[in-house]
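Visitor: Make the full structure from the sequences, and use the hints.
Chains as they are written, first to last, in the numbering used here: chain Z, 1 to 307; chain X, 1 to 315; chain C, 1 to 362.
Calculated directly from the structure, the hints in this document are not laboratory data.
Any given hint might turn out to be false.
[What the hints assert, rightly or not] Chain C stretches covered by chain X per the calculated footprint, using a threshold of three residues with CB under 8 Å from any CB of chain X:
no., segment
1, 119-125
2, 128-137
3, 140-154
4, 175-183
Remember, it's a predicted structure, so these values are computed and weren't measured experimentally.
C-beta: ideal position from N, C-alpha, C; glycine also.
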Amino acid sequence: MDDTGVASLPGTGATARSMSARWYRALRLVFRNRLFAVGVLILLPLIVMAVGVSSLTSYDPTTINTSIKLQAPSLNHPFGTDEYGRDLFARVLHGSQISLRVAAAATIVMAVLGIVLGCLAGFYRVADAVISRIGDALLNFPGLIVGIMVMAALGQSERNVVLSMVIMYTPRIVRVVRASVIEVKTIDFVDAARVIGASDLRILASDILPHTIAPLVVQVTFGFAWAILVESGLSFLGLGTPPPAPSWGNIISDGREFIRTAPWIMVFPGLMISLAVMGLNLMGDGLRDILDPRLRNAARRIETSVG
Amino acid sequence: MWTYILRRLLAFIPTVFISVTLIFVFTRLLPGNPVWALIGDQSVSADKIDEVVRQMGYDRPIWVQYLEWLPRIFVGDFGYSVFYKEAVFDVIVGRFPVTFNLAILSLIVTVVVAVPIGIIAATRQNSWIDNFSMATTTIWISLPSFWLGFLFIIFFSVVLRWFPSSGYREMSFGFDAWFSRLVLPVLSLSLAHIALLVRMTRSSMLDVLGNEYIVTARAKGLSEHKVVYKHALRNAFVSIITVIGLIFALNLGGSIIIENVYALPGLGQLVATAALRRDYAIIEGSMLYFILVALLVNLAIDISYTLINPRIRYG
Amino acid sequence: MPRAGSRPQLDEPAPAHIGASSTDGASPLMRIKDLRTYFHTEAGIVKAVDGVSLTVAQGEILAVVGESGCGKTMMARSILRLVPHPGRIVSGEIWLDGQDLMKLGDREMNMVRGNAVTMVFQEPMASLNPVFTVGNQIAEVLVAHRPEMGRGERDHRVIELMAAVGIASPEQRIGAYPHQLSGGMRQRVMIAMALAGGRTRLLIADEPTTALDVTIQAQILELFQQLQRSIGMSVLLITHDLGVVAEIANRVAVMYAGSIVEYTDSDTLFESPGHPYTMGLLRSLPQRKGATRKAPLYAIPGSVPNLLDLPPGCKFQSRCAHAVAAICGGDEPPLEEISAGHWVRCRRIEHVRVDPRAEAGR
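Guide: The structure is reproduced here in structure tokens:
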């Protein structure tokens, strides 16, 4: 054990100043990673789009004007118009709000649920038996079938889309959190805390939780990307966000009939989806590289292997 | 070895039960009375509805329904579809070949393309091949498959006119007819999976190449070719085969969307339409079918480990 | 262990000039000149091997001793050019039979590996491929370096080799997988693999006995000595265990933080060590007899320096009782021959020599 091992144990009373300094250093480290930086660069414009919708376009996404229907992209209508003469740029912009909002909501819920269930499964064997079995069973279902089932049963609404995505992806997060908890559970300082008499909850929160953050953040980032893809997939099948909401998947679905006559209807929303997912995937890859403790201590590792 | 296989088979049974029960939960316990869905929105009197409910047994306690349902499932009686006017099982069996063709072809294409690239990327780490494949794979896995499918249709079907854009023809109509209608669907389904398999092959090869016995192999003066293709690959097999099983499952799931895009009359299309029409019998039957296939593939992969790993085979 | 007369032939009969000891002036088998292996990491450059020069004579067992992290394993790997990324051999020459190994192409180097120079590793379970039988792995060497052998001849030879290294019932064991054998047998398999080519001049053994029981350890060391006597094979023995050194080494090199700090024959090392580090190592051996028996175990104060952050001058300064900043700082001291065949890297030799028990009072 080297000297620095002591200082990095959680709960050793770092001062407020050094805490914020650590955050600052952490952020700088994070952005030095090229993958992550590129991911953020790609994602940022999309977020700007979603947030600044009203300032980016003056067109209303629902205004019908059949005289200008099915027009190719032009200066006036950068993404063209659809079969009702609606400006597609405006629709895609509004779609970004919807798609990102639904995906974000699902991501937050599955993250919270994942942490809770993962900790329970990692800590208590009985809970593990139940949670893991059901989780694994859910993960065995191929593709979107579970989501389709839920949407068919509950009907189309934004809330139900979020629910089906939560049901489909949470088991993955539970797995990751559970693995971290189990990994840490066996290390001595947890037993030491028990001996002192700390309650289970206290141990979980202060000792174990910090170790789960790293893989959790990575998995949640990928989960967000997945959610965007799934929302669009479900909407495309007609089982997602209910029309006339212009979620990206819905716009693509609408544009199907005009694939030969007006292909632009489908191209742009798909492009947006791809960019959003790509940005998030890159961020996830970057985070995974950064947070991999093995890579962080590369130099130390080489030292022990030089023999 | 046989004890291992036996244990795997025994573990398989509860897994099947849990999955099948989950399906029951989804179809019977979720709010949204199946009867309403079957009848549709017609204004039918409450008495009539009650009658149908009693007829179909939905008024009995849930556990009774479950116990009656379970043995039926295992003899293949998945119920009756009002929309198709046929037994659900027969509908599914009729659709099966299309999806099977798609899934298997896609699997073959994926493996044949991705594994060599992954190996090369691992052995030439940080070369242009490696960096290029890492960059492009990230792109491929980010594209929504239905969008990609339509892009292919626009490009290859409309613009280039190389392939038809939809429909399915069995082999009996001629190889060309069959093949040309599967090229684009297989491509759309495979691209994301090729990207995934390249990454996983590369990662597992890198893992294996970091092992001590690789150093030993090199210290013996073996050629690099022997080191990679004999020593490393054999050990990476386990991970690669696991991923192949995963890809097959992804193909099954992906078929739901791809068949929709290309109007292929397979199981995926069946589920999607059934969901829109609230044809619960079909949804339930399809889910059962999908999950059983997925679980069987998992089991096959699990058992194949015994052939690969001498520790299990010879204890 | 089978006795000398009853053992099957291990190798081709040794050429006439091998078998001389290191003191009779015969030309050395291998000469390493100023070897430097550096690791370029994001955190900085780790100088794992920092200017190592040594010689292995024909038929000699040279031990390289040091703590973990001193670079001895990396030095051994550098000889066969098996340095892992991000390490690189930055400079140095390794002369074997009139050839500089550093200048050979990959294919030529492969003809040396497993043939003239072979290696056995510390952890035989990790070093043997778990999915191939031991017979297969030994035979590979024959396939690579003795292509003229037919299948039957090869199998026969494998059995011979296994018997020669002391594996009982080799015909039955040839089809075994590594996990089915004990630790000692696995190590013997590794040695059989190292000897299979039949032309082994130098065997590099990286901590060959560390992972084994003491009794097995003794047997393996005995095996090395047999090989030395019968075929005049040289052994470069990497170890951290001074007991092993005392058992079989002819000459010893002591490594610290990437450099050799003392280099002499085994007897001199134990009886009159020159470098403070060596003295510290010897002092930290538990004593069974004598005045110090009841005293607490001695440990060299301080710890191995961070290879990323080495201070200028002598690398041992911070832990040395005799260190004087003016003399020991500045440049790294050179290896000096303080008496015939005894080299020490220290500028304060006279002072240290005069007062070797200075630490007795601490």
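Visitor: If a hint holds in the structure, say so; if it does not, say that too.
Guide: Hints, verified against the model:
no.	hint	verdict
1	119-125	holds (count 3)
2	128-137	holds (count 5)
3	140-154	holds (count 4)
4	175-183	holds (count 3)
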